[in-house]
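Since the structure of chain A is provided, determine the placement of chain B on it from the hints.
There are 2 protein chains.
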Amino acid sequence: MNVIPCGSVATIAAPEKYFTGRVLQTPIIENDEPSRLRAVMVGFEPGARTAWHTHPLGQTLYVVSGAGRAQSWGLPIVELKAGDVVSFAPGEKHWHGAGPTTAMAHIAMHEALKGVHVDWMEKVDDEQFGA
Amino acid sequence: MNVIPCGSVATIAAPEKYFTGRVLQTPIIENDEPSRLRAVMVGFEPGARTAWHTHPLGQTLYVVSGAGRAQSWGLPIVELKAGDVVSFAPGEKHWHGAGPTTAMAHIAMHEALKGVHVDWMEKVDDEQFGA
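Residue numbers (the working numbering), protein chains in the order written: chain A, 1 to 131; chain B, 1 to 131.
Hints may contain errors.
Repeated chains share a single entry, so a pair holds when one copy, or any two copies, can fit it.
Unchecked claim - Cross-link-like lysine to aspartate or glutamate pairs, in silico, EDC-like; alpha carbons within 20 Å at most:
id	residue 1	residue 2
1	K114	D32
2	K17	E127
3	K114	E33
4	K123	D32
5	K81	E45
These are calculated hints, taken from the structure and not from any lab test.
So that you can see chain A by itself, here it is in the shape it has in the complex (with noise of 0.2 Å):
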């Protein structure tokens, strides 16, 4: 048994390069082999989200707070709230982040396969996002 206490694991902004705006991120999990969970806590502030990307064995999403969005490639953009879970199919390209003016926060899970949890893509522009 492992134990990490609330406020034990420091947050970071989550990095430009993939990201628009700004967005804190709070480890929750990081296994790879035999578990190949991980999840971590996204705080989107508004406007903020990520870029276009995959996941090799998908994410489901819990939406812990708020109001955002979330799109797959070629489909419409999706409301989100507090409390909704939404699910990414393995190489589903998407994005997902918060409102034009609401913050969204939510807790991201998704497996590691061979230690790769993402694969990043091309940024999602303000035309995109809808804003």
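The following block gives chain B in isolation, referenced to the frame of chain A:
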């Protein structure tokens, strides 16, 4: 992309066979392959707890609210509070639940191995719980 709106999944009472006291479960995700991720929100009323059990690929708990406790076989009971993260190794015999007078809710994250994510054992009696 699959969105499960908040309020669209029924909360169920956890089965008496594997839990002591009143425990409510709200499913978040239940994958099999290639993603093996399973997650569930679990709320324990004061005094409620799981039976002893193991997970084939381990488990991570993110305490969402309240204060509770957990224990691995042969080790002391550990107190848990909101925001704490607890991980159990594959095959590690353990239990988790509320405090004697305090409710506790956590998100449980684990992975299924050949469709099985938990192996249940005997219940945690009052002496073990330390009520």
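Hint numbers contradicted by this structure
4
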